[in-house]
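Enquirer: This is what each chain is made of:
2 protein chains.
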Amino acid sequence: MDREIGFIGLGSMGLPMVLNLLKSNFKVKVYNRTPEKARDAVAAGAQQMDRAADVATVGGIVITMVSNDKALEEVVFEKDGIGKKLGVGGIHLSMSTVSPKTSRKLASYHEQQGSYYVASPVFGRPEAASAQKLFLLSSGHRDAKERVKPLQNALGQQVFDISEEPGGANVIKLGGNFMIMAAMEAMAESFNLAEKNGIDRQLAAEVYASTLFNCTVYQGYGQMIAKKSFEPAGFQLSLGFKDCNLVLDEANSTKTPMPLASLLHDRLLASIAKGRETHDWSALARVASEEAGLE
Amino acid sequence: MDREIGFIGLGSMGLPMVLNLLKSNFKVKVYNRTPEKARDAVAAGAQQMDRAADVATVGGIVITMVSNDKALEEVVFEKDGIGKKLGVGGIHLSMSTVSPKTSRKLASYHEQQGSYYVASPVFGRPEAASAQKLFLLSSGHRDAKERVKPLQNALGQQVFDISEEPGGANVIKLGGNFMIMAAMEAMAESFNLAEKNGIDRQLAAEVYASTLFNCTVYQGYGQMIAKKSFEPAGFQLSLGFKDCNLVLDEANSTKTPMPLASLLHDRLLASIAKGRETHDWSALARVASEEAGLE
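Each protein sequence line maps, in turn, to chains A and B.
The opening position of the first sequence corresponds to residue 0 in numbering that gives the first Met the number 0, with each subsequent residue numbered one higher.
The opening position of the second sequence corresponds to residue 0 in numbering that gives the first Met the number 0, with each subsequent residue numbered one higher.
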């Protein structure tokens, strides 16, 4: 089993994941574009490197958890990137939320190098990452998926094997984020109808979250939408907008009409027009409230 | 405490509710427009009456569980209805899914008679009714809501006090059915995107229902939508269409734009145009599949 791992990206998700790998006795070399962000990882025992390529060893495993498709391509393809370094038998375990297209492109590139690409986006917030409660999706070559399992198990509570096709896990991740935003819009409209009828929004939220919809998406976001309290952001609206665009790109290229995704796109776009990029993505609910004359 | 109760409407919900009242040692007089449907209730100890009015006693309580607004108004207002019979201090405990407007009209009428109207629509399918697992909503005069609680507790697991305004519980019930249909449309679009990417729909459904959306709405309907299996109906699409129209009526009268409800209305209307009134309401998902060329 692999005990020495490279890890790129020490943001709000990456850092707690590195800490859990260290707790499970993996040796972890880390790289982050902004070096200062490596401090807590280093204090916990990680070894900080100056260049992305330096966390990779020939035939080894590198986990990436960066903010978008562009950042991911950079750490692979740039001069000091991991692309050439991983070599024959190496695995790029890619946990960022990126497009299926990017995963397919990277998988094809790694294959040319004799290395593997496993897409493994996760469901869960930073708190879930800390508590090793993430859910991980997995798509890519069968052997590579098998070899990264001990790492995935050190990071989360369950791994779902989606497909050999490398973009599959990204499709499921994007579909999940789309469904969360759909639930937010449904709550927004429903709570507005309650408020217009003189019913307390929080009572409405509590009823739904303890009966038909007793799951975390409705419980957590229901409270925020009921209280119209969207700051500080747990997940920024600008990132939700990015994901919604990735969903619609994929819908276009596979010819899958998604009118609800299109509605959400307009909600997010209006939110950005109103300057709410840095609010929580549940702030998309405000557009419905404004339309109803409730703000 | 009231031990003798009238009950009108012995459909798939009403019958198991009457059986539970009998089990809790209430004496129940029942009336159903189609008398044959009373057989099982009578076999369990209920007393069958020939006219709606006969289940009511002056100052007593009558529960109604009928299929729509028109049927509810008839059992109150028709010559042999309960309207005049309930008398001073009587309570009409109205559990059907009807519009807030109908509840307000009936509450006003009962008030003129010296009786009370409590709107108490429920969340839960016939299986939940059998298992005393319903969730009950409650709106109306405070004293009347208090007096019907022992009955509500005999029928379900929890009662939510929504408002004194009589239509409040109906608003919350309709909002819940709207949110269920919104979840169905979100699953339909998301599963289609998965299928178009070569991912098994049932795998997609399982991932979502065991991670982000581990609640019964997504678990139950997710399976039906993944399998595209919409018969036999647990809840007929024609009834979902009725509820969606009630949501949009209420949206109109309170000036609450609900674009997602409008989208669902079109999905249901297309389903009816295609002759699917008697399929399960989750069959609204087929329209998205057809648009994507997947049927």
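These are computed hints drawn from the structure, not numbers from a lab.
Incorrect hints may have been included.
Quick list of in silico lysine to aspartate or glutamate cross-link-like pairs, DMTMM-like style, CA-CA up to 25 Å [what the hints assert, rightly or not]: (1) A:LYS195 with B:GLU230; (2) B:LYS226 with A:GLU164; (3) A:LYS195 with B:ASP68; (4) B:LYS195 with A:GLU164; (5) A:LYS254 with B:GLU294; (6) B:LYS100 with A:GLU164; (7) A:LYS100 with B:ASP68; (8) B:LYS254 with A:GLU164.
Source: prediction; values computed, not measured.
Enquirer: Confirm or reject each hint.
Expert: The hints, checked one at a time:
no.: 1; hint: A:LYS195 with B:GLU230; in the structure: violated, 37 Å
no.: 2; hint: B:LYS226 with A:GLU164; in the structure: holds, 22 Å
no.: 3; hint: A:LYS195 with B:ASP68; in the structure: holds, 22 Å
no.: 4; hint: B:LYS195 with A:GLU164; in the structure: holds, 13 Å
no.: 5; hint: A:LYS254 with B:GLU294; in the structure: holds, 14 Å
no.: 6; hint: B:LYS100 with A:GLU164; in the structure: violated, 53 Å
no.: 7; hint: A:LYS100 with B:ASP68; in the structure: violated, 51 Å
no.: 8; hint: B:LYS254 with A:GLU164; in the structure: violated, 48 Å
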